[in-house]
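Those protein sequence lines, which keep their order, are chains Y and R. Take any residue in the first sequence, note its place counting from 1, add 44, and you have its number in our numbering. Take any residue in the second sequence, note its place counting from 1, add 43, and you have its number in our numbering.
Just so you know, not all the hints are guaranteed correct.
[Claimed, not checked] Mimicking DSS-like on lysine-lysine, the simulated pairs with C-alpha atoms at most 25 Å apart in a straight line are:
{"#": "1", "chain 1": "R", "residue 1": "Lys257", "chain 2": "Y", "residue 2": "Lys191"}
{"#": "2", "chain 1": "Y", "residue 1": "Lys214", "chain 2": "R", "residue 2": "Lys337"}
{"#": "3", "chain 1": "R", "residue 1": "Lys553", "chain 2": "R", "residue 2": "Lys616"}
{"#": "4", "chain 1": "Y", "residue 1": "Lys294", "chain 2": "R", "residue 2": "Lys610"}
{"#": "5", "chain 1": "Y", "residue 1": "Lys220", "chain 2": "R", "residue 2": "Lys337"}
{"#": "6", "chain 1": "R", "residue 1": "Lys553", "chain 2": "Y", "residue 2": "Lys294"}
{"#": "7", "chain 1": "Y", "residue 1": "Lys135", "chain 2": "R", "residue 2": "Lys227"}
[What the hints assert, rightly or not] Chain Y is nowhere near these chain R residues, computed Cβ spacing over 12 Å in every case:
{"#": "8", "residue": "Thr299"}
{"#": "9", "residue": "Ile313"}
{"#": "10", "residue": "Glu356"}
{"#": "11", "residue": "Met375"}
{"#": "12", "residue": "Thr431"}
{"#": "13", "residue": "Lys616"}
{"#": "14", "residue": "Tyr618"}
Honestly, the hints are just simulated from the structure, not real lab data. Glycine included, each C-beta is placed from N, C-alpha and C at the ideal position.
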Amino acid sequence: MNKSALFRIIIFMILALVLFELVAGKEGTWAVQEYPLIWLILGVLFLCAYLLETSVKTLERVLYNTLSDEAKERYDAATIARKEQEFSGIKSTYAKMLGSKPIEDEGEIELDHNYDGIRELDNNLPPWWVYLFYASIVFGGVVYLAKYHVFDIAPDQAEEYLQEVAIAEKEIEEYKKTAKNLIDVNTVTLLTDASDLKAGQGIFQDNCIACHKADGGGGIGPNLTDRHWILGGGIKNVFNTISEGGRDGKGMVSWKADLSPSEMAQVASYVMSFQGTTPAEPKEAEGEIWEDPDAPKDVAPAAPETQVDSTAVTFND
Amino acid sequence: MTSSKEYAELEWPIDIAIALIWVAFGVNLIGTLIKRRQRHLYVAIWFYIATFVTVAVLHIFNSMALPVNMFKSYSAYAGVQDALVQWWYGHNAVAFFLTTPFLGLMYYFVPKAANRPVYSYRLSIIHFWSLIFIYIWAGPHHLLYSALPDWAQNLGVAFSIMLLAPSWGGMINGLLTLRGAWDKVRTSPVLKFMVVAITGYGMATFEGPLLSLKNVNAIAHFSDWIIAHVHVGALAWNGFMTFGIIYYLVPILFKTKLASTKLANFHFWIGTLGIILYALPMYVAGFVQAFMWKQFNPDGTLAYGNFLETVNEIMPMYWMRAIGGTLYIAGMLVLVYNVIMTIRQGSAVTDELVEAAPLTRVSKKRTASEGWHTWLERKPLKMTLYATVAILIGGLVQIVPSLMVDDYIPVISSVKPYSPLELEGRDIYIREGCVGCHSQMIRPFRSEVERYGEYSKAGEYVYDHPFLFGSKRTGPDLMRIGGKYNDNWHLNHFYDPQTTSSGSIMPSYKWLIENEHDRSETQDKMEVMVSLGVPYSPADIENAPETMAAQALKIELSLMNDPDFAKIYNADKKYAQENGEEFVEMRDREVVSIIAYLQRLGTDIKVKNADDLSINLND
Chain Y
45 MNKSALFRII IFMILALVLF ELVAGKEGTW AVQEYPLIWL ILGVLFLCAY
95 LLETSVKTLE RVLYNTLSDE AKERYDAATI ARKEQEFSGI KSTYAKMLGS
145 KPIEDEGEIE LDHNYDGIRE LDNNLPPWWV YLFYASIVFG GVVYLAKYHV
195 FDIAPDQAEE YLQEVAIAEK EIEEYKKTAK NLIDVNTVTL LTDASDLKAG
245 QGIFQDNCIA CHKADGGGGI GPNLTDRHWI LGGGIKNVFN TISEGGRDGK
295 GMVSWKADLS PSEMAQVASY VMSFQGTTPA EPKEAEGEIW EDPDAPKDVA
345 PAAPETQVDS TAVTFND
Chain R
44 MTSSKEYAEL EWPIDIAIAL IWVAFGVNLI GTLIKRRQRH LYVAIWFYIA
94 TFVTVAVLHI FNSMALPVNM FKSYSAYAGV QDALVQWWYG HNAVAFFLTT
144 PFLGLMYYFV PKAANRPVYS YRLSIIHFWS LIFIYIWAGP HHLLYSALPD
194 WAQNLGVAFS IMLLAPSWGG MINGLLTLRG AWDKVRTSPV LKFMVVAITG
244 YGMATFEGPL LSLKNVNAIA HFSDWIIAHV HVGALAWNGF MTFGIIYYLV
294 PILFKTKLAS TKLANFHFWI GTLGIILYAL PMYVAGFVQA FMWKQFNPDG
344 TLAYGNFLET VNEIMPMYWM RAIGGTLYIA GMLVLVYNVI MTIRQGSAVT
394 DELVEAAPLT RVSKKRTASE GWHTWLERKP LKMTLYATVA ILIGGLVQIV
444 PSLMVDDYIP VISSVKPYSP LELEGRDIYI REGCVGCHSQ MIRPFRSEVE
494 RYGEYSKAGE YVYDHPFLFG SKRTGPDLMR IGGKYNDNWH LNHFYDPQTT
544 SSGSIMPSYK WLIENEHDRS ETQDKMEVMV SLGVPYSPAD IENAPETMAA
594 QALKIELSLM NDPDFAKIYN ADKKYAQENG EEFVEMRDRE VVSIIAYLQR
644 LGTDIKVKNA DDLSINLND
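Just need the whole structure built from these sequences, with the hints factored in.
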């Protein structure tokens, strides 16, 4: 089998595969995965194409052998002539777009100077290059600048940003309508499952021990084992502190970009499990003793929460 | 010791030395041209003239600075203006140091090595003038989506797009010169190197306009994509062209043949493989990391909120890059060996006497049938003048408004000059080269605002001499780091970044914590800043030592909040006292200054709620 036949078969097979995918493929999966039968069909198609190509070739050879010598010669000559004609369009377009003198005639355009043995030809500017230059001037110098600064149809970067945020806000809103089991500061509850606490411990070790120590005894950050809380105790406050961060420049950073809500719930629950344990080197207590206002045996008035105003603007003086 | 301006890091005495040397080079270059005995200037010379003129202009204007002492100066420009001047310089330093002189070399060595005439004289005229005229405008594409005004950015984009054809003019004139000599390319290592070099040039100059499109730049900027892009240019175009020239020149100089063509071919293949192994992983790393930066969860949080996740993802790429670079260097060692062996087998060179008749006088005006450009080619001074005009136009249009127009940068009244301690801390930030890995430029993208905070405004940088936007994020942006972490976090992070950020690839900066900080020149620095337009009052300067001491003490006290730190610090102090050693108080150490600076960063308009921004901005 010759090259062109092989080429035709490959193209045919690719075409068949693409058609199958277009017709039977679904989003996210491949049609050939969904219906393994397609492999079989493709196999049969391949066999057919192969047989067709070989039989045509064989037929051609048989017929060729029946020709007289003279006819054979004529046939060969015609084949060669046809071969030469192949791609002549592309070849001539290329030559035209390059616009250069053939090498044999280049003496005609050789300039009369000679620099240290270097000669120069004076070929025309390649037309494709000239068109490219014009096109880039029209696009860059005219269309692009006009779009922004004459007709004002393209948004400047500040507008672009506002559009991006507006689209995202809409999408998030849509998502929250349908999404289930969303955890936020209002719905979070103390998790007690061993698996949740274990996950919480892992998150704590990866992210929190740099400031709070592995046993919660505190270092850069406060001691988590005592009853004193700077930003309020209880699962909701702890969750909120993890999510939003603490006091600017003093407290901890916000983790909501790093941890998912369920991860924050897990690590908050793990933090709560430190209550009453005795760390190796406890840091002295900071903040006030926190009483749960919702606790059933609530007798004493709850300590006021020392939550910072999260919308406060900080100025430098 | 660094001015922190990219490709222009050297301090002012060295800048002056460079300027002097460059002038000497120019005198020699132009003087030789005047004394020449060849009537017309060959195209290679045009490119050398443009190189000399433009590099001189760029170097002088970008290096404008006021010195504090021999080794320290502050850029004359501030913030956005400084960025604009720097990237006018930076982009064109590439253009006129790595492109035009190498095109000149190409125009000499490619026709020589291939023994073929240059393809097209008129193409060389058109692409030379269009290249040097358009190139100079393209600088602002390094500042897309930054706080630079939109019109300047868009002008940069437009001219970058127009730059494609002029750049490719050089490539096609080089490659088509090889017409009829491609059989030689197969056997000659010299031509092989040159062909890959020119092809690399074509690829890099196609990618350049592509990268300057805003939507492509939004992905590529700050990522390793840019690293890949410049290394295709540097390793293929500049490196391989140089290697080809060396392999061509050394045997001729020593009247012998190359010691080993086999080794030269080996160098070619190992070098090509090195470039591929270097560039491809950087493309992948750039793509992967940029898309991770931008990825959101459906609930609106960042998918990779921890910057380190995105760094760890591309670590294998950094290893592959190291392998590619090693191969490339190994190839260069092979070249050195081959050159030495060639020189050793060469014969002693006797001077060849070359004679040329002096030029006969011809009319200064154009003679009959003489083309305009042909006439210009016998007028080296005129040619230099015209080239200067061509390269000045773009710079003037872009930069002069930034220095002249009053409302070029909208004023933000809450932005105040740095305190003396913060200014000193900023100098440490500059000295340690933090800007190499950390940007201070939050682009107006949802993903960046979510990760780093409110996007950067031009008015926030008005006291930044020099600007510290940065151009690569190996680490996260620090524009709004102020107030994010507490002082102890920063101290621990400088001491050992992995303790606070596990998996961090930042090196330790222990010496900042140990070294005493010399703050004896603070007042001089403030004086210089006043000359540059920073509104420190005389009282500010006079009271600087006290203000500085008070702020440093405040930070020392806040550090004491960490019992571990207090314990170690007090123990050190006690040990020093008992042993009669000198002890530097924490407040006098370098780390306190840089913490002061970091805690200030971006806080002038820092808001927790974006809606509040309007009350802070002055329009």
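Results for each hint:
1. Lys257(R) x Lys191(Y): Holds: lysine 257(R) and lysine 191(Y) sit about 14 Å apart, inside 25 Å.
2. Lys214(Y) x Lys337(R): holds, 18 Å
3. Lys553(R) x Lys616(R): holds, 18 Å
4. Lys294(Y) x Lys610(R): holds, 20 Å
5. Lys220(Y) x Lys337(R): holds, 21 Å
6. Lys553(R) x Lys294(Y): holds, 23 Å
7. Lys135(Y) x Lys227(R): Distance of about 24 Å is within 25 Å: holds.
8. Thr299: holds, 20 Å
9. Ile313: The claim stands: isoleucine 313(R) keeps its Cβ more than 12 Å from every Cβ of chain Y (closest is about 31 Å).
10. Glu356: At about 15 Å from chain Y, glutamate 356(R) clears the 12 Å cut-off, so the statement holds.
11. Met375: holds, 28 Å
12. Thr431: Fine: 23 Å to the nearest Cβ keeps threonine 431(R) off the interface.
13. Lys616: Holds, because the least Cβ-Cβ distance between lysine 616(R) and chain Y comes to about 19 Å, which exceeds 12 Å.
14. Tyr618: holds, 21 Å
No hint from the list above goes unmet by this structure.
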